[in-house]
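Asker: Each chain, written out:
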Amino acid sequence: MAGRHYLPNTESDRQAMLAAIGVSSVDELFQDIPPAVRLGRPLNLPPALSELEVLQLMQQRAAENVHVGQMPCFLGAGAYDHFIPAVVSHLAGRSEFYTAYTQYQPEISQGGLQALWEYQSYICELTGLDVSNASLYDGATALAEAMNMACGATGRSKVVVSAGIHPFYRRVLATYARDLGFEIITVSTVDGQTDRAALKAAVNTEVAALLMQNPNFYGVVEDMEGIADLVHSHGGLLVACVNPISLAILKPPGAYGADVAVGEGQPLGLGLNFGGPYLGFMAVREKYMRRMPGRIVGQTTDLEGKRGFVLTLQAREQHIRREKAYSNICSNEGLCAITAAIYLSALGKQGLAKVARLCLQKAHYAAGRIASLPGYRLAYTAPFFHEFVVETPLPAAEINARLQEKGIIGGLDLATVEDGPDSRMLLCVTEKRTKAEIDALVAVLEGIK
Amino acid sequence: MAGRHYLPNTESDRQAMLAAIGVSSVDELFQDIPPAVRLGRPLNLPPALSELEVLQLMQQRAAENVHVGQMPCFLGAGAYDHFIPAVVSHLAGRSEFYTAYTQYQPEISQGGLQALWEYQSYICELTGLDVSNASLYDGATALAEAMNMACGATGRSKVVVSAGIHPFYRRVLATYARDLGFEIITVSTVDGQTDRAALKAAVNTEVAALLMQNPNFYGVVEDMEGIADLVHSHGGLLVACVNPISLAILKPPGAYGADVAVGEGQPLGLGLNFGGPYLGFMAVREKYMRRMPGRIVGQTTDLEGKRGFVLTLQAREQHIRREKAYSNICSNEGLCAITAAIYLSALGKQGLAKVARLCLQKAHYAAGRIASLPGYRLAYTAPFFHEFVVETPLPAAEINARLQEKGIIGGLDLATVEDGPDSRMLLCVTEKRTKAEIDALVAVLEGIK
Amino acid sequence: NRKALVFELSKPGRIGADLPEADVPEQELTALVPAAALRDKEPQLPEISEVDVVRHYTALSRRNYGVDNGFYPLGSCTMKYNPKVNEEAAKLPGFSNIHPLQDSKTVQGALAVMYELQNYLAEIAGMDACTLQPAAGAHGELTGLKIIRAYHESRGEKRTKVIVPDSAHGTNPATATVCGLETVEIKSNPDGSVNLDALRAAVGPDTAALMLTNPSTLGLFETQIIEIAKIVHEAGALLYYDGANANAILGITRPGDMGFDVVHFNLHKTFSTPHGGGGPGSGPVGVKEKLIPFLPVPVIEFDGKRYRLNYDRPQTIGKVHGFYGNFSVMLRAYTYIRTMGPDGLRQVSEDAVLNANYVMRALAPYYKLPFDRHCMHECVFAGLKEHAPEVKTLDVAKRILDYGYHPPTIYFPLIVHDALMIEPTETESKETLDEFIAVMKEIAREAVEQPELVTGAPRTTVVRRLDEATAARKPVVRWKEPLTP
Amino acid sequence: NRKALVFELSKPGRIGADLPEADVPEQELTALVPAAALRDKEPQLPEISEVDVVRHYTALSRRNYGVDNGFYPLGSCTMKYNPKVNEEAAKLPGFSNIHPLQDSKTVQGALAVMYELQNYLAEIAGMDACTLQPAAGAHGELTGLKIIRAYHESRGEKRTKVIVPDSAHGTNPATATVCGLETVEIKSNPDGSVNLDALRAAVGPDTAALMLTNPSTLGLFETQIIEIAKIVHEAGALLYYDGANANAILGITRPGDMGFDVVHFNLHKTFSTPHGGGGPGSGPVGVKEKLIPFLPVPVIEFDGKRYRLNYDRPQTIGKVHGFYGNFSVMLRAYTYIRTMGPDGLRQVSEDAVLNANYVMRALAPYYKLPFDRHCMHECVFAGLKEHAPEVKTLDVAKRILDYGYHPPTIYFPLIVHDALMIEPTETESKETLDEFIAVMKEIAREAVEQPELVTGAPRTTVVRRLDEATAARKPVVRWKEPLTP
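Residue numbers (our numbering), protein chains in the order written: chain A, 11 to 459; chain B, 11 to 459; chain C, 102 to 586; chain D, 102 to 586.
Treat the hints loosely; a few may be bogus.
Said to hold, decoys possible - Mimicking SDA-like on lysine to any residue, the simulated pairs with C-alpha atoms at most 20 Å apart in a straight line are:
#	chain 1	residue 1	chain 2	residue 2
1	D	112	C	171
2	C	581	A	242
3	C	206	A	425
4	A	334	C	267
5	A	297	A	242
6	C	531	A	21
7	D	104	C	171
8	D	192	B	62
9	D	469	B	32
10	C	104	A	312
11	B	459	B	405
12	A	316	C	570
13	B	445	D	123
14	D	486	D	512
Stated by the list, open to error - Simulated restraints, written as ranges between beta carbons of each label pair:
#	chain 1	residue 1	chain 2	residue 2	range
15	C	491	D	518	57 to 67 Å
16	B	34	A	297	53 to 63 Å
17	B	449	A	42	47 to 57 Å
18	D	402	B	459	34 to 44 Å
19	A	42	C	553	38 to 48 Å
20	D	490	B	34	36 to 46 Å
21	B	265	C	550	30 to 40 Å
22	B	428	C	206	45 to 55 Å
23	B	458	C	410	43 to 53 Å
24	D	405	B	21	40 to 50 Å
25	A	265	C	491	49 to 59 Å
26	D	160	A	458	53 to 63 Å
27	C	550	D	550	40 to 50 Å
28	C	391	D	160	44 to 54 Å
No wet-lab data here; the hints were simulated from the structure. Only a predicted model underlies this, so the values are computations on that prediction, with no experimental measurement involved. Ideal placement from N, C-alpha and C gives every residue a C-beta, glycine not left out.
So here's chain A without its partners, still in its complex pose:
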């Protein structure tokens, strides 16, 4: 019998249990199912494999992929190849964390609750805002939740969205907005930065929120000076979608007046995992706390006065509020949030700053070298963090193919995600990339004419 090692009951157990129930067969227990809808055949699935076989199959499938441990990777665009200290997986892999359910019974969930509360504190520290939730699905959906929240809070249905936001994120925004009747007004970029004049023109008293990404999709650090005032003066909210690593050195959203910060937490110690599970984070100013989607952990005391933690402000949530809830989110990315907390605890104040600095310096070294190659140039002059767009002498796809042959995973061919010329490549350089790897990239690019 397949899967018997997961199914402890033996045939004699089953017989004893049937007898205790007072039925003669398991089929009787299913008698409520109308015969017409019963499946009269086995499922059409491959036959069971033993553990050895299934692991060999998975190893074989895994071997059909090229992974970033085999080739240096210059792809970013929402998923980043950072160094993850060994402690992170050792601790997040403790089964008490990963085999638990949501912390509805706080007395036996203090470990998870405290870890999430500390995670919330970290997100508040990074974003400069007051209240964080305990995670959302990923950066894109966190941004969409922020849009929903802003429209709910203002009673408005227009949102102004910078074209500097990741095109995938904007597609998710569109999906979420459509059925709620939200209108998305997109403001284009100039030299890689959101067009300030167009922004001014777009924001008015019908606008619930302005959504910006910073550093934006092109890696560019936006000029956030005065942006919050612009939208606040019309009664709207400023939503900043940020890279958490960059916040070790860049001004936090709270400091430039954002009301809501969201972003992708994957850089905080989560593996690339072909796009998921990642970690949507969200922090808001205190006045929006009771509108925030997702779970929130609060500190309290037990009946003996001892400090403890509980899920709190549940009146916001779907299981209490039902059709009046602001969001339908239930299961989120709890383990990813704990993983991020472990990462941030290990890196600490000095470590996170160093990661950010190394990213910045290495990316600028790479950009400088590439820009000096004949035929290549940087698309923008605006400041950038650890990603930058290069205009290439040949189609980006061709260049990537050549890099692949040389054992390098190149940048993102922008034509695959947005309209425009086929010779624009978005490159990312994290602290993991060595000078030797960057120089090898440059050498291959130089050789492509």
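Starting from the known structure of chain A, fit chains B, C and D onto it as the hints suggest.
Answerer: Same frame as chain A, but now just chains B, C and D:
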């Protein structure tokens, strides 16, 4: 400063501590060291690497090896490529187990103690003997300890050793025996089995023990009938060196009269690890319990009557008995013993029997197919478990080189470990080898003329 | 026994991880980023050494309870054992270290697994196609309702109402709302089944869908499902299957065969991936043929040789996730399905249902059983049977903690007063159930004879009952740097 | 709270692991192996499912205490924190999945690590060569003494005595015995240092070696080491360094420079590999030039291009391990040395010594300090300072358990009455030490004012004091199948 993440004290901590001690510098604490023996220079070691760099270095070194996950492996000879269920590393990797010391404080070591006590029980069940210790270094040294013990118990100094014992083990026996003045009398093999007539001739009242391996180094199942009587009738002990997987189906040492069973526990869920850490096991008849080397866990009760476990019979051990100890062993292979216990718990009665049966059947399928190839023949007609010796048409080294080219790790070229022709190869087939892999091996062999 | 906060362990100058020094020439920070864009004050992350990190989170883990620690009969959550081989598969570098934007030629193994998994799930659901993109069950509901809405719109129909029974999970009405649809709640029959009259009265030309779980949240199979499907379809609406309770039906009956048009599964329930203390989950959505054009992009396709991600789908609802969903959760579910095969999956449901009925019958003399029918994979009680005026259902749950188990779900479904919902799952043995039953009996006795034992519980946990009211009234939801005087 | 034995969980028919079916034609068992060689009755292994296995060992682990759980000041054991990156390195398939008998061409990476590690250890020890083969410290002692013996024999000298101070680890005399040598124990000075007169009286033409650890087992540096070496060498004997206490001297002084001829290290102490609850360890042995010919085989050699295992060494003592020692322990130590570098290793010893002196000075008012000198990496007290007639050192140790720490080593070294040996190691912070010091002070107070708190300890552990006498008198050392009536 290198390694700062492992060294929590900050410079200000150090200053505060120095002040509390009442010295002005750490150097003062080292004032007892005569200047003449101080090292006046930094150690000549490579400069420190960061975690990222050291892991990349290790990955690179690891990639310079061919591992058995990349190529099917037909090597055995004391180290076996068995299937290890995923639960084993997940559980043995619990840090409460692997970061603990020896269980000198039983109240906070009940988990390790109980796991070792259960391990002892498993070894007793497998070997059919009364008492097991909590591990020795490996199979070879366990055999040497058994020799020492037998000589101590009998007051004799000759041991008869079958040439069917692994040549490496016999080299370890020789190393241990020499300084104790033990004489080793080696009895040769006939058709892969220990020569019964020679054995009879060798055993007399001066002999402390007969040491046999079963299945022996050539994979052959020895005929143990009457062997115990032979040595017992002269007042000596029978020591059997056994493969624990084989004991799921083969007669246990206790049943054929052995007084001591030892062996290599690596097949019980331990990785190949290029030869170690492995697991020496030893079980003895009750009358030799107080002479057994190594730690022993015993069951007892606490002062409230609750069941608990402690290290016991410590009067045997070096830290109590000092120069009168029978063995100097102290740290052993505790975690390996716990790993073996987890493996045996997971496999259970049915699973271990199935592993043994699959090994046996697959090895015989392979042997049968190879024996049918022109130019190849089985060296012995005696029954075997999961290893067998093949006589090859070309030197075994050449055949292995060809197999390597075809992505197969061949068998052991016997000429590398013992005198004799260069065309003898010891092959092992475990339950992990599929029919397809065996057939591929056979196809390559067939193609070698 | 008070556990320090990570911030309380901090000391300036300590580090917990080791990073390489820069190997490129460095420039002044302000030469690269304008000073106005830099932060004034660094974030107050703690400064602790590696051993502190390890001890802190090891200690926290030991203050948490998971399936690996014991029985977790949390109704509607399917807390089955999570096989370790699944974790091994998900950890393989060839899966865990691939970037989502790599050239599809370099990720064929990953795409193959996803392609096969969506087909397996479609077969299990009786559906024609499946998307893996939703990151959780509620996200699957959102995706499903958006597909339904797009379908109706493509036919020029404006349907804005979603019918939801009052026994439903809270996510159902909440999802309708965030999809811009109006929830019409209909009263259930006392046994949690759909009241057909109420349904007939509710459906109409503005009905987009009926959302239903079957077995219902009471753990009972909806016997009138064929009639329900007919009513819904005749009104031009679609039928949505909430897969939260799918652990009861694997290989036995299929939502598609019952008449459902859209299904979501929770891989972190039915397909044995760990819950992670609240995610990551995965909520794949299966649909009938006519809904395929509306699936979110990208769709994974196979031309017999190559797998690819197709974004060129004009009728798609768009993207619902930044990339393709929770891939490493999918790997675990795929490993599980390949391990179990068709027979194993059917046995899962048979054993899950057998275990639930066994517990239900054994506890019926002690806890009120509102419906005397065979249950499916879970059973619902309505509080204690014998009069115990001082003891609430919450107290019973807390008392269970003292016996070392996770309690059942309480006060849900809402339509059962003092509900106690027990889902044993198939991975628990008869012995475990017998021990749990004995404890539940003992608590029923205590409730009457020694109520203070129950109302004062728990006493064996690292904290006792927590003041949730104050937590919500005066929220303390983050650490703040102590003010220096 | 009583934990079931794994055997008590068993039920016939359950399985905990899943194996493939045979894919080759099977034959009758007795056609392959004679019936006489087959067992009559199967071994009584338990039959439990995977979830039982997981819960059993998870529960057992939670009844155990390791360095990851807290402070472990166990003197002479160097229970420092074990870095997690070492575990990652050891787990790499290219290391963990290689067979020891593979062609050396296919294991060059493994051999390179071993070759470099032996050179690093030789440099740290001030030796000329090193073998990695010994599997533990005592095994290193055995290897070292055999090398010494072989050396003397090669010179035609019969030297049969090993001088060991009475302060030595028990392994030293035991090792001499199992090497067929006679132990001559010499009295130490009261401060644990070698009594030179006793040494001079003991050495002679039959002396093979003096075994010494420096710092001594009292944690004090042997100031007369140059004189000692001279006495020993002038008698034609060799000097053996027991590396148990090497954590005090890294980069500060080297056994080779002190005059030692043979050294063993404990990688599982000084070089940060985990102890595993009693192994696996690793006890590499370093030797001076003249002893190189006697090293065990195989010796790892490098010709500038290829690494190889050389067995062709006519004067070798032979093999001391089935293969090459505990390779995966070596990987951890190698990773550690490469992480720390020369400066980091020196800082390790400085911090270890600083921590020990800090604890020693803080506790000196409360516990008898037999020698008022700076200690090295550990300090030894001689019981409580204030008169507490009811309280033994054992009681103090047990009371420490109630405060959540592992106790220090007690009653060793034997020459200190009521010894309490504290080794904090360098991986503990000042805060941890301060908390521990506070607890030790409090226990000293309790011992006088509330002795029953101390003598009745521990009370917070899963079991209380265990009856060790009965355990030894009536040993129950295995499970036995219950007799069926």
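Asker: Please write out, lowest number first, the hints stated earlier that are contradicted by the structure.
Answerer: Hints 2 and 21 are the ones this structure does not satisfy, whereas the remaining hints hold.
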